Structure formats: C-alpha cells, structure tokens
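For reference, the chains in residue letters:
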Amino acid sequence: MSSVRLLVGTKKGAFILTADGKREKWEVNGPFFAGWEIYHVKGSPIDPNRIYVSQSSGWFGQMIQRSDDGGKTWFQPGMKPGNPTTTPDGMPATESNKFLYDTSPESGKLLTTHQWYDGTQHPWEFKRVWHLEPSLTDIDTVYAGVEDAAMFRTTDGGKNWNELSGLRGHGTGPNWSPGAGGMGLHTILIDHQNPKRVFIAISAAGAFRTEDEGETWKPINQGLISQYIPDPNAEVGHCVHRIAMHKSRPNTLYMQKHWDVMRSDNAGDLWHEVSGNLPTDFGFVIDVHAHEPETIYVVPIKSDSEHFPPEGKLRVYRSKTGGNEWEALTKGLPQKDCYVNILRDAMCVDSLDKCGIYFGTTGGQVYASSDSGDNWKAIVHDLPAVLSVEVQTIV
Amino acid sequence: MIRVILPPYLRTIASLNGEAKLSIEGEVTLRSVIDTLEINYPMLRGTIRDYATQQRRPFLRFFACKEDYSLEPLDTLLPQSIASGKEPFFIVGAIAGG
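Quick note, the sequences are listed as chains A and B, same order.
So the first sequence is residues 1 to 395, counted in the numbering used here.
So the second sequence is residues 1001 to 1098, counted in the numbering used here.
The set of hints was computed from the structure by calculation and includes no laboratory data.
Note that the structure is a prediction, hence the values are computed from the model and not measured.
Here a beta-carbon is modelled for each residue, glycine too, at the ideal position from N, C-alpha and C.
Take the hints with a grain of salt, since some may be wrong.
Stated by the list, open to error - The calculated DSS-like cross-link candidates involving lysine-lysine, where the alpha carbons are at most 27 Å apart (straight line), are:
{"#": "1", "chain 1": "A", "residue 1": "Lys313", "chain 2": "A", "residue 2": "Lys331"}
{"#": "2", "chain 1": "A", "residue 1": "Lys98", "chain 2": "B", "residue 2": "Lys1021"}
{"#": "3", "chain 1": "A", "residue 1": "Lys218", "chain 2": "A", "residue 2": "Lys313"}
{"#": "4", "chain 1": "A", "residue 1": "Lys12", "chain 2": "A", "residue 2": "Lys72"}
{"#": "5", "chain 1": "A", "residue 1": "Lys11", "chain 2": "A", "residue 2": "Lys336"}
{"#": "6", "chain 1": "B", "residue 1": "Lys1066", "chain 2": "A", "residue 2": "Lys80"}
To be verified - Footprint (simulated), chain B over chain A, 3 or more residues, beta carbon under 8 Å:
{"#": "7", "stretch": "176-190"}
{"#": "8", "stretch": "296-306"}
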C-alpha cells in the first residue's frame, strides 16, 4: 500500500510525519536536531530513503545531515560513526559543512561584492543553506541554494560542496541586494524532461535559468513589475518569493512574487500577471497540482508589512485555469483570529491519485488536504514555527 | 592531556558524553587546541570557527582559568594548568534570547 512521508523543517528541529495512502492517521516523529534551525529537508527522487537536511544555528553555523534509511538514523556525510576521519594522506575525509565561495583567479575573481541596503557594495558572506534539491538522475548529486545568494553542488552525497559560480558571475551579481529576510537562493526547480535545465529564484534578485546544469545562467525577469525598486522593470532586483512548475510542462512556470502572482509559458522568457480576483496578491508559497498542470495554489498574505492572512481567515486559493480565476478553500481552516504566515518553502503536493496538498505555518500547524484542497485538517497544531514542508509519495 | 568542555549542542554533534580530551605536542595555544579539536572531531569543523574567515564565531567565547581568551590572538599561549590538564578549557555559547 502506498504511503506518504512529510519532511518538516522548523525553527527548532526537524519532524517526520507519516501516514498511509488514506492520509487520515498520522504518526509524528521528532524533533530531530532539536534546537537547530532546519531550513529544508528533502528526499532523493531516486531513493526516498536518502534524505538531506540543512541544519543551521546562529551560534554554530551550517551543517548538512543525511539519512540513508528514511530518517531512522542521521550522519554528517562522510562521517558515519566508525568511519576514518582522514584520508590516507592525512586530509579531511569529508568537509560537508564547508561552503566556500569561488574566489579562484579563473572563475571567481570578480565575484567579490553585491549591493547592500544603502546602495554600497558589500562582500558576499555565507550564512546558511536555504534549499536542497537532490538530482533527478544521480543519488549523490544535490544542488544547494544558499544565503548570501549562490548555488552550490555536491556530487559525492554531501561530503564536499562546490560553488556553481557562473550564477554569481554571469554579470548582474553586483546588482543583487538582500530583501528583509536576507539574500537567499530559495527555489531550485529541475526540468524533468531535460535535467540540464534548472530554474532558480533569489530574494531580491529574481529568477534565473541555466541550460547546462549550472555552468551558465541568464536572468528571466522580463514582464515582472516591482514598484518598490528604482526601475520597476529592471533586469534584476525583483523579490521573487517562489516559483513552481508541473513536471509535464517545464515551459510553464508560476511565480509568487513579493506582490503579484505571475505566469510564464516560455520558460521564464516573459511573464504576465495572473493575480485575478485574489483578495491580495502578496504571499510566499505557490504550488501546482500533481495531475492537473493548470491547477495551482497560493495562500494570500495581507501585505509586505502584515505577514498574516487578510481578515484573520486562513484561506488557500486554488485556480483551475492556471491563474486569474481563483476560489477560496476554507473547509477545515481557521476562519477567524488566524494570524500566522506560510513561508516560501512550506507548501508541497503529493502524487497519489487524489492529490494531497500540505502546508505549514509559523504558528506550528501543518495542514493537509487529501482531496486537492477541498477539505483540510491539521495534522499537528503545535510544532515550532514551520520553515519548510516536503512530501514523499512512497508506492 | 588537554581537557575541553564544549557547549551541549556541540557535544551532541561530536557524540561526546563529557569532556573532549586532546593530546597536543608542543605549545598549547588557542590555535593548537582548536586545530587538534577539529582534527579529532571533524564534524566540528566550521562550527567553532567560520570556514571562510577562520574567525571565532561571534556567539562563542573561549575561557581558560576563569579568564576570557576570546579576543586574544590565536597563537596566545594558554596557562600551564590548561596544558597540564589540571583545568579544562571552555568553549562557551552566548546566552541569547531572554
């Protein structure tokens, strides 16, 4: 029988929530890495038991954790208990915590600064890994989106990470600037039909696309209009909160921008607004139904200064027309006095026949719908603030 | 044998129940203690010193014999009672949030 496993990252640890295919009864396990900020937990599409975790702390920095048994046990890649800690020539056997920007003379020499809040240039400073995206084709290859914004990749299961410096180095890097939440690369989408093509998004720089697995990049922000930046139509500088894609239609992208819900039908070359009748088009999450590429979901948030649902009503909005026409989904969700936020990595969909939709809140609830959003219930009410939710459909 | 007491989170990461015990040949300095600690417990690399700058993380402090060594140069010699193992060397996490 099929089952689902939710991988939940929170401000104070990771949790794993499991249920059978009916998704009625849930078992909650955790916290794992208690006390640490878990920005993201994601499993490999090749082997669901291979799970990668971004674990960080203001005290102790960044760590990568890995499980090879579906979350029963964890280790830092290359440091399983009992393994040698050095190579025969005395070098560290693994450097899984090491995220160093490329400063090589060949490819990294110009990648020294980006724009700071006051308009001056500021050095790139690594802070944490926001998002981990395991490869579709190689179990040991994982992309990492980090703050300050850059893309890293491991090809040895997380033991070593190297920057794909073509992203910061393609030309607009010095014009990127942090949003209020920092300058993070938070979204990585791999084209299921052509895994060499990858889309990413950065706050507050915009969306970018590579056709060659991250060697070269181009900004894909034409059509975005951001009134809060000096040139509303600028090539970069847009605060993209999230982009989403259905694996059967890699040229169609959906975006929740700081303000505005957007759509592109040419792989990001041109965007147009599909906010339509949403009560507010500010928000963070956006996702696509597993079996209906034109069915998309957002959770409107009141405004950039009031990060909670309008009128205190937690409503998921669904469009079955790829945007513009939206319906509120409210059954099972609090419709008064609700003032939580739903962060950008905290919504996901499973791939069971009746598509499950999940999202987590800063109030510690994880909500689930096993009928494409028609009805909702809270799986848990009182976790720490939820930073990310991913789901594994295990058949 | 040098004795090092770590913050609880780092003890968990290093699978330590109590103190870390380090054998150091030569001078016992801040640098040699941290270097040896990271060699013996590679999972701690990057947690005490930033990987890029090799600077102490700002919310951690170093104490020896009730003296704060956090701002001392890394090649500062530590007291004999640390070198002899009579006193432990403390790596302390800042109290924050309250």
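| Enumerated hints in conflict with the structure, sorted upward | Hints 3, 6, 7 and 8 contradicted; others consistent.
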